[in-house]
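Asks: Residue numbers (our numbering), protein chains in the order written: chain C, 1 to 474; chain L, 475 to 948; chain G, 949 to 1422; chain H, 1423 to 1896.
Keep in mind that the hints were calculated from the coordinates and are not lab data.
For each residue, glycine too, the CB sits at the ideal point set by N, CA and C.
Warning: the hint list may mix true and false statements.
Stated by the list, open to error - Taking beta-carbon pairs under 7 Å as the criterion, some of the chain H residues facing chain G (in silico): (1) Gly1492; (2) Gly1527; (3) Asp1528; (4) Asp1530; (5) Val1553; (6) Lys1554; (7) Leu1558; (8) Phe1559; (9) Gln1560; (10) Ala1573; (11) Ile1574.
Number of protein chains: 4
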Amino acid sequence: MDNNFDWNQDKLHEECGVFGVYGTTDAAAFTALGLHALQHRGQEAAGIVAFDDEKFRAHKALGLVGTTFGEAAVIERLKGKIAIGHNRYSTSGEPSLRNVQPFYGDMDFGGFAVAHNGNLTNAQHLRKELVKKGCLFQSSGDSEVILHLVAISQEKDISKRIIDAAKQIMGGFALVIATKDSLVGIRDPHGIRPLVLGKIGNAHILASETCALDIIGAEFIRDIEPGEMVTINDDGVESLKPLKKVDPRPCIFEYVYFARPDSIMAGKSVYEVRKNIGAELAKESPVEGADLIVPVPDSGVPSAIGYAQESGLPFELGIIRNHYIGRTFIEPTDQIRHLGVKLKHNANRKFIEGKKVVLVDDSIVRGTTSKKIVEMVRAAGAKEVHMRISSPAIRYSCFYGIDTPTTEELLAHNASIEEIRQYIKADSLEYISIDGLYRALGEEGRNNERPQYEDACFTGDYPVELVDHNNKEK
Amino acid sequence: MDNNFDWNQDKLHEECGVFGVYGTTDAAAFTALGLHALQHRGQEAAGIVAFDDEKFRAHKALGLVGTTFGEAAVIERLKGKIAIGHNRYSTSGEPSLRNVQPFYGDMDFGGFAVAHNGNLTNAQHLRKELVKKGCLFQSSGDSEVILHLVAISQEKDISKRIIDAAKQIMGGFALVIATKDSLVGIRDPHGIRPLVLGKIGNAHILASETCALDIIGAEFIRDIEPGEMVTINDDGVESLKPLKKVDPRPCIFEYVYFARPDSIMAGKSVYEVRKNIGAELAKESPVEGADLIVPVPDSGVPSAIGYAQESGLPFELGIIRNHYIGRTFIEPTDQIRHLGVKLKHNANRKFIEGKKVVLVDDSIVRGTTSKKIVEMVRAAGAKEVHMRISSPAIRYSCFYGIDTPTTEELLAHNASIEEIRQYIKADSLEYISIDGLYRALGEEGRNNERPQYEDACFTGDYPVELVDHNNKEK
Amino acid sequence: MDNNFDWNQDKLHEECGVFGVYGTTDAAAFTALGLHALQHRGQEAAGIVAFDDEKFRAHKALGLVGTTFGEAAVIERLKGKIAIGHNRYSTSGEPSLRNVQPFYGDMDFGGFAVAHNGNLTNAQHLRKELVKKGCLFQSSGDSEVILHLVAISQEKDISKRIIDAAKQIMGGFALVIATKDSLVGIRDPHGIRPLVLGKIGNAHILASETCALDIIGAEFIRDIEPGEMVTINDDGVESLKPLKKVDPRPCIFEYVYFARPDSIMAGKSVYEVRKNIGAELAKESPVEGADLIVPVPDSGVPSAIGYAQESGLPFELGIIRNHYIGRTFIEPTDQIRHLGVKLKHNANRKFIEGKKVVLVDDSIVRGTTSKKIVEMVRAAGAKEVHMRISSPAIRYSCFYGIDTPTTEELLAHNASIEEIRQYIKADSLEYISIDGLYRALGEEGRNNERPQYEDACFTGDYPVELVDHNNKEK
Amino acid sequence: MDNNFDWNQDKLHEECGVFGVYGTTDAAAFTALGLHALQHRGQEAAGIVAFDDEKFRAHKALGLVGTTFGEAAVIERLKGKIAIGHNRYSTSGEPSLRNVQPFYGDMDFGGFAVAHNGNLTNAQHLRKELVKKGCLFQSSGDSEVILHLVAISQEKDISKRIIDAAKQIMGGFALVIATKDSLVGIRDPHGIRPLVLGKIGNAHILASETCALDIIGAEFIRDIEPGEMVTINDDGVESLKPLKKVDPRPCIFEYVYFARPDSIMAGKSVYEVRKNIGAELAKESPVEGADLIVPVPDSGVPSAIGYAQESGLPFELGIIRNHYIGRTFIEPTDQIRHLGVKLKHNANRKFIEGKKVVLVDDSIVRGTTSKKIVEMVRAAGAKEVHMRISSPAIRYSCFYGIDTPTTEELLAHNASIEEIRQYIKADSLEYISIDGLYRALGEEGRNNERPQYEDACFTGDYPVELVDHNNKEK
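With these hints in hand, go ahead and build the complete structure from the sequences.
Replies: Following this line, the structure appears as structure tokens:
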């Protein structure tokens, strides 16, 4: 309820996963499973709204999908053949149930529920306008503006109202919407955030990633295109292209880090892309006389395999990860902090001792973890520690839906690669080049005039105007 | 979130207590204590909103005030010199946190929080209109319409916006409102629901009853008048009479049953009124040769004392109440239901055996409790059991904020007093007459053209149009 | 698990209620209801153990009986025709589930469960001996010694083992025991703690008070006699008198304060005794020219009625109690403590103002509540406030099962009545005399050589040796 | 409390991890971290007991270590320089807090706490004897007998009492014990269960595995030897060999599956052993013309790397594991069960399609998971699926502390390898031979007369008599 000054916040991270089903009495159960497969996109909270021709029913809770929707009774209550769901990422600040999606509104035409993956760059601007008109906001996040824009739209038809709203919002968005007789999916003009269409029996599915189709054995149909809106009802799938035409620029970070390795995005295997990056990195930045390639688990594994295969060096689990950490142990005592306790990783000493080790990790954000890892590997007896990073240096904050620190807080915004190397105390440090990354994706390189991807975190090239951010700067 | 068909509900009971403070850093603590003193007006849930010149902060929970606000940390978070609070009654249906007041909205002019005691007779009508305009409702109750009416009002000034809203709502209402620089109280034109003004140090208090002033040692200033709006800020208390002038008709049931006996309403001691009713009842319906007067605890005690004093018969605790029942034991097993288990009351056998007993209770709603009580007293050996009721027969449902069953479910709507007597198996049964009740309140009797009180539950004379109810009947 | 030094504690208060059933498939349900009726004897925790010819099953929890046993599923799990239950009083110190009774042990002869009301005066002595023998204690309370004494008894027969144990323990005790084929009840030689026998259908009941029979409609058969052991099985009720013969001395405080007013103890109505005390008090200590008699609710009510009837003065609810307080609001903020907030009681101003008031309360322990009450009544405008107490001054701590402060902490141990009057700021203060109390119980007075009751808290005359206490003094 | 027939249970699995510290004020914090590192040995519950020269204090809870001990306040309460801890594995049956270790007893000589990793083969026999002597058991598990044996021992000296108890128990055990002035560790004569000694600053550590030393940066000193008892106090570490001398036979399954790959056991790197097994498997059972080696994550990874390196085939993450599963989603709906939903694993289709795949897993217990995995890989388009298992077939139940099904429930007990292959529908299936496994461990092979390891689950050769099991068979 602390809304009053909320619009002074620079951004509210909305990194997450969405899922929707139309056409089966198991809609809510499928949605729970789909959200579970998308759990890596958001672990703070999850919600499902289902409609059974009579009532919209919701269940939302902080915590993992398996915990919230693991009981049969919860799913059974969410009756009906339409359901949508949402996973929310844990961001800084006190989490609150009222920010958990999907959002729902009773409208003139009936109930309306929406789940939003992404971040809007003009949400606060729109919110101010809407408050002036008398709209009452219940959440502090970006996504509720969509609900109000639909509610006050002068259009009669639900589809037109949604388009009316979608035309006003800017940024990265993939929306999944449930109305009383349809499931609607819509992707921002650049296609920054992903959305795919699937099918199982007579039911259609919308999901952030293909791994959420796999979990229920649904067939992958196609990616929703940038700027496309699909409406699914008893008559099948209708496609519209109501938004302004611009060059597609899907988020490159989904490939580098965010998506699950078993997902296929725009026809590309995420795992394969990561292996390719590793191979490019081995070509760009080999380590002479290295003994073994060690991934920083789990996210560095695919690139390390690629690096090892390209370089012909053995791939070894030189660092073991404790998967039980979860979100706990948040308040270790002071002395434990001093000890530099290794809650998450441990060096596999026997394979490290006396070796020249190449560590492969996916990114360096603030650098604290990398520093600890290098220190741990060296303490385990490594002769040399060479760090290779399977993304270019992150120099700019993301405003389209990935939870990064502000630009000022990013280590690489303020430090040269040599300075970072010194900070993390590695014997050498290399990042994949931006062109190398594009090559791993099958492009010839980044074409500065027509880049194929949204890569602002590496390049500072923001394809959608940062309205709220710029207003605040002024 | 099951709003979609909510407006088909006939009414949503909004029996409750409100409290507000302006002018002390202990505003939230005082509000918690005030709500505790008003706990009898609503035990389902409680909430407080406080404002500290920077932020509005809320805390709400299902459960008793003492449980929700008993910890110092909760109160300490609710900083500021303005606070309002609300107790909610347990009504049928699944309770939900989103219906717990106060309601809050970020508005063009800043934050706005409102707590409402009462029930609106045209809420569903207004809600439909507001939804058509694009207002998004979050709760299923009546009170949220007030928030939206203020939010979309075309008036510039906050006070005028509140008046604009207050003019549109109908029914029984006592509102306590917190804005960023004032505490506002407003009472419906007939003054159906109560509201009083108090003072402690430099701080002003608004509360449903005087017992909520007593708990913090605040001085009682005066009742807020029917149709009056008071605005309290650093300049003191400003009074307006913006609503249409009608004859005052405060709810008579507050005296009979709802208010706490130690409260003073419109200058009358509630305890004294109840004793007077008992005395009138003794005059109207004495019991020849009775041995003792036994109250049905706890609500029958004051009238029983009055009856005993008037009749000169001994007052005895012939029925003992178990206060530990709380809201639990909700699912006794079948066999226990059969046994007619006495979870709440037990006869004090030694004082009942062989006696001609006069039982005094405050009302008969569905008759099931009275039937059990008479049976229990008889089983304990009473020679005769005579029931005396300190209210007239309840024949009509309340639409202004008291939680009664629908008219059709009321025992006295369908049965004569003799039929009721046979049903509860008493040797005799008498209710206070409506004129007797008025006499106990210091009137000469109910003047049919200008009744002094809102007494629709006894008479069916509804002073405010039942818009939603009538729409539904049509 | 902090047992190590627990035996240094002077005493562990074991004020509580017990209940047992033999002979109905509803044994656990009856026990839950019986414990609910005995809730006034202990509100901290409750437990039930039931046996169904195959397994002993237990359910225990902190909290009220209605909360713990209100759900049908909990009761349904506790199958069988034998059940015993226990209510535990909230004492100082952190409550812990492992101290919640009944206690259970797998023994050579099968399962054994015991519920104990009372306090043993040699428990720590016995515990030390048992630990020396290798017995492992799980709780920090007195009652577990009984379990170990039975477990290590050299007797073959279960009854003889129980007698073996009962002969070694000293103090006040009423035990209810479930074995695989019987329900056993046993009362200490002096009969300090109460225990009654009832019957419903073919089932027999044991309970601390008759009100626990009433709640399920069971017939009262008789009190278990001091030193008696009854064994109930399919053959009926067998009675033994295995303990040493001494003069009966039931606890007088049960009549004054602890028992429920609707219970009958040793043929006497508790309510009637309390009224008699009030009448004796009116004779011993009348107040000239008093206007009204006001009970301190709820415990002062019966004596106030007796006082009013004897004195011919009107009985009025001059103080209103808020029953919602429960066990919460435990941490009010500092400023609230300063205000002397009236969380529990409020003066009924209209009936107090300008009057000479006689307050009747049941006891003064530390004096802080009485001080507040007098101050509140005076602040409400009373001309004079006269306090009358329906028990003699409590000058000595209880070691037999009533939770009193240590002797040193008792106000009356260190202060004269006049000093107490000055402390609580009453215009006059009188206690019932010890002889007056005996007269109210139907005796001629306390005969110093053969007192009829255990009245140590008033007289310091402890009929059972305080072994542990005396050891500690040494 | 359902103990009564508990001794009819064949065995109570006691697979778990233990940890102990002597000599630092951070004893409890170190123990929490150590238990976290040992979380893979038991996820159901965790407990710590600490002693601070005055009191033993315990904290135990169901759930993960990070959740139970993540808050600073919990650790701060567990004061003192001695602490022991225990992780408990989730076994079938309702988990209960009273079975959570460490167990504690107040004894004649002071407090005594014990944590036990392993399973006793004569616990039920001993329990019956102890119950006959009057010992009261509180848990249903094996380990409490140790406590009672110490409690009733006739020896004076604590060490001798522990030895007295240790001589009576049979099976696999590694005990960590806290007394008021020492930390004691003891390992069964065969050394079936592991225990290591470490040092950090002046403090000594006992732990099930070396990874629990690494997490706090403690130095590894040595393995505790089979049959050895170490006593750690202010004078340092004293070693005794009080138990009967037998040939050491540490559990081979720790290397194959149970221990963490980064642990060093008896001088051997667990990760290296697993890689060696993979290499031996590649030699024993190569797959002609295979395209890639795919581990079943996570446990199959090290052997798959070894297999890939030996065979020269590419190692690929062909199956992706969802780490968010935790212990939830326990009640999927029926239809979801039908769908064969892939909650935990998903095929990485792009790398599987059209390929001849070698899957490497660590074991097959009941075969249901393997069947699903093969089916999933085939459904993802694999041309052929060859399964290689890095342990011999598990044909016999473990009675020494690993949670396996009963012998009858083991797939390989009743089926030939060819039958298993048909059941899981693989194109080929091979297990490592028992001699191959011994070779991977650096032996020449299993010498039938003097095997170096306890390998009963593969061979049925039980080195310690199965007293309770045999009694039950009779």
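Asks: With reference to the structure, classify each hint as holding or not holding.
Replies: Consistency of the hints with the structure:
no., hint, in the structure
1, Gly1492, "20 Å, violated"
2, Gly1527, "4 Å, holds"
3, Asp1528, "4 Å, holds"
4, Asp1530, "5 Å, holds"
5, Val1553, "6 Å, holds"
6, Lys1554, "5 Å, holds"
7, Leu1558, "4 Å, holds"
8, Phe1559, "6 Å, holds"
9, Gln1560, "5 Å, holds"
10, Ala1573, "4 Å, holds"
11, Ile1574, "3 Å, holds"
When the structure is compared with the earlier hints, a violation turns up for hint 1 alone.
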